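Spelled out from the first residue to the last, the chains are:
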Amino acid sequence: MAVRIGVYICHCGTNIAGKVDIDEVVEFARGLENVSLVKDYKFMCSDPGQALLQKDVEDGLIDRVVVASCSPLMHENTFRKATERGGLNPYLFTMANIREQCSWVHLDGAETTDKAKDLIAAAVRRAFLLEPLTKREVPINPRTLVIGGGIAGIQAALDLAEAGKQVVLVEREPSIGGHMAKFDKTFPTLDCSACILTPRMVSVGQHPNIELMTYSEIEEVGGYVGNFNVTVRKKARYVDEQLCNGCGACWEKCPGTRVPRKGNVHEKLSLGPTTSIYMPFMQAVPAIPVIDAQTCLYLKDDQHKCGLCAKECERDAINYDMEDESVEFEVGNIIIASGFQTFDPSVIKRYGYDRLDNVITALQFEIMNCASGSTGGKIQKADGSEPEAIGIVHCVGSRDENYHEYCSRVCCMYSLKYSHLIKEKTNAEVYQFYIDMRCFGKGYEEFYDRLLTEDVRFVRGKVAEVTDVAMNEAEEGKLIVRVEDTLLGSVRRIPLDMVILSTGLEAHHSLKDVANKCNVSVGSDGFIIEKHPKLGPVATATDGVFLAGACQSPKDIPDTVAQASAASSAVLSMITREKIEIEAATAEVNEDKCSGCKLCNTLCPYLAVKFDEEKGVSVVNEALCKGCGTCVAGCPSGAISAKHFEDRQIFAEIEGIFSGLEYKTVSKPKG
Amino acid sequence: MRFRSWKKLWKKAVTPMKLKTGIYWGAGCGGCDVAVLDVHEKILLVAEKMELLFWPIAMDFKYEDVEKMEDGEFDIVMYNGAIRNSENEEIAKLLRKKSKTMVALGACAHLGGLIAMANFHTRESLLNRVYLETESTDNPDSVIPAEKWKKGEEELELPAFHSTVKTLDQVVDVDYYIPGCPPVPDQIVSALVQVWEGKLPGKGSVIGAGERTLCDECPREKEEKSITEFKRPVDAIPEPEKCLLEQGFLCLGPVTREGCGARCIKTNVPCRGCYGPLEEVNDQGLRMLSALASVLEPKEEKAIDELISQLPDPLRTFYRFSAAASILRRKKV
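Protein chains in written order, with my numbering: chain A, 1 to 671; chain B, 1 to 333.
Next up, chain A with everything else stripped away, as it sits in the complex (with noise of 0.2 Å):
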């Protein structure tokens, strides 16, 4: 039966009218073989467009469409859609992009016009070979993994329990909590953040829908969309989880250490005990302890010496002997809520972290800071003694080409934050060393006029070192700022006592290989690329992986939580549907044809292709495949074939485009 093709060109207002001559263009697409309407419209997505092909299709008037108006990305399961609407596979529709391939990118109108009729010819004849295919259902798993235990991770955890999902919580760290739980205030309300946070963290730790796994790190992610296979490893704690109360009578008497016993008052900085067998702090969750294998007397070598926290246990919860151990599970859905790290300021030497004394990061002076860290809330020097000016140094590592371009978006609200809170704990000068204050969140502007008026010295430049060389006697002893004072026009060296170096936030070391493990790429800072910046801020380009909090990118802690959020209500989205719609653009193996070379076998970024040992062939898992062709590249036979974009269907286009070759006054090309 001949097939018969409907063309449908879009104006889209003026964006394709307004370079295109329209009419010029319905002409040619009438000229076309197997063309058997051609119609125009002001804009086709819009109810009366969609409604026109519809209706063609519905009066069995054309049997393949295509629509000739923006991106595939834009209005491709628009017209897929409407044409499933009229009663045809929505496979034999397919689109000619003259919008952003065409009418937004030229400038003369003649030529414009021209390649639209290349565009449209190459999809018409591409619709000549389209072929039905059908879409399949697959269920999903109502259990969700999130991976992090920071505050996205416990929202999002949360979010999810509370509405009866399963949820299996996985923490690299022992336990819970995150960056959150080292702070003492939170900007820019200056509430407790251990008040806020804690109930969240012990939440967790008691919701019958969530399992927590603690100092546990994700080993492998296989399957799709509904049902992925989950292997996570639990690092040996050498506390039996079952057993042990917290009562703390073990780090009492520990004799091991996990901090430099002889190092100054920044260098002995810690939360929790600072014995082998220690709590990371007070809060934690779960309130169980740790060795830390390097430090401790028993496990660091084979003569066993200590063994003292076993005797002191009266549960007997100690177990010098645990191992490693491997936990599969299945889930539908996965979180990724890992969070950040702080930039590691030693690599600018010129700051002198690592060099000098009383350079400290902004997470040490946090530590320092807290009420439960082992300054007890008060803010020393090095030695001890309480610091008369210090000064903060803005987007270190930050809005540096040399080292992160972007904008780390807390650093100047912590640094207003640290100031407030030295001025309320100690009559120390306070000075600011900023490039711009940016301070756009709910309440930020009001907190900074606030700062404005508790006489701290703003001084806007970018500081060029921190020196312990003194030039006079002022400067005897101190740590001296250099910076250019931009609103002064002048050098200016200031002598402190104290230097705080507000780091940025950057991608974790081991960002890269868990976005890898669950098949989502990072960008070129680091962080994990969302599926649309605007339009799917929490989903990623992998069905059923989703994204909260500084994973994504730099956030503070409002922001972190609304996306976690977004994401838990994205994926209790997917769960409320039992099932989900797969690609059926999907790569095929012809067993036939296939030699069993296995060169196609590590190219599947999504795991979907495997070498059948029995038959000798390699064969595509449909439900895996997501139809991105790497695969069909890398056949050197030509066994595997892309449903919807067979070699002949995408030639066939290449033609069409050459067809306009007749019709131009351009020189065709030689024999």
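These are calculated hints, taken from the structure and not from any lab test.
Values in this document were obtained by computation on a predicted structure and should not be read as measured data.
Treat the hints with care, since some could be wrong.
As the list claims (entries may be wrong) - Result set (DSSO-like, lysine-lysine): computed pairs, CA atoms no more than 27 Å apart in a straight line: (1) 242/B - 610/A; (2) 68/B - 20/B; (3) 68/B - 610/A; (4) 462/A - 478/A; (5) 302/B - 512/A; (6) 299/B - 517/A.
Here the structure of chain A is known, so what remains is to put chain B in place on it, guided by the hints.
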């Protein structure tokens, strides 16, 4: 002429069902003709079933003999060699007219063959190289062959030398292809058996070869591939049991049709691709490049560049036999 009429009589007297056969040699090395003879004692079988009416390399026939034949009189013509000059093309057209079935025999007729590597040059640069520039050239008058030559009363005419080498099917309609450089004799016989048993597949098919790639008949152990270096057979002796490609030897087996019996591979030499691609693949070299690019071990641009720079003469390696049949056919001039 007398010979031919004798043959006619003989044919009528003994086996009236003999197939009228022609074998022609275009731009080729003669290897395909030798391969036909290499069928050894099976030549008797061939002689029993086929009547050779035209085979210039082996017997004395003239073009006029063919011209005098009825259209479609040949039951089968096997044309080997590429289309290199006007004579090749003219005879190809003549034979097509006079035959029922036209078979492209060997890599040159099938894909252009080694000869088609000339398509990476121009006609002028080739003639200059051969007649003026090679280290061994002794041509004091700088004479280059011309199509017409006249001296006094003497006049000579040579076929025109084309700039682009073509495959047989680029000048005439071809019914079947027997691939290989040269085709394996046994496969020639098996193709001929198909012909006289009337068990030919659809027009345009490759006969006398398999339906999968060489990897299928290759006896070597094959694993998942990740290439860290490229080696030439002169650089190292390949391990005999392991996939050559995995060892870094550029083996075209994955993009080449099976049927040769993996002869090169069994003697530890990587496949050079003479049997051509499978039906679904329309550019053997491009497909190899694409496949190879998929399995390079390095992932960083610089390391990839370094590895790729080790590839020995990629153009002539990937398109050793198939340049004329490739999508681009020739280098742009």
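Taking the hints in turn, this is what the structure says about them:
1. With a CA separation close to 21 Å, the supplied pair residue 242/B and residue 610/A stays within the 27 Å bound.
2. Under the criterion of a C-alpha separation no larger than 27 Å, the hint pairing residue 68/B with residue 20/B is consistent with the structure, at around 15 Å.
3. Note on residue 68/B and residue 610/A: the hinted pairing is violated, with a Cα-Cα distance of about 61 Å set against a maximum of 27 Å.
4. Distance restraint check for residue 462/A and residue 478/A: the Cα-Cα separation of roughly 20 Å lies within the 27 Å cut-off, and the hinted pair is therefore satisfied.
5. For the hint pairing residue 302/B with residue 512/A, the CA-to-CA distance comes to about 20 Å; that is within 27 Å, so the pair holds.
6. For the given pair, residue 299/B sits about 17 Å from residue 517/A by alpha-carbon distance, which is consistent with the 27 Å threshold.
When each numbered hint is compared with the structure, a violation occurs for hint 3 only.
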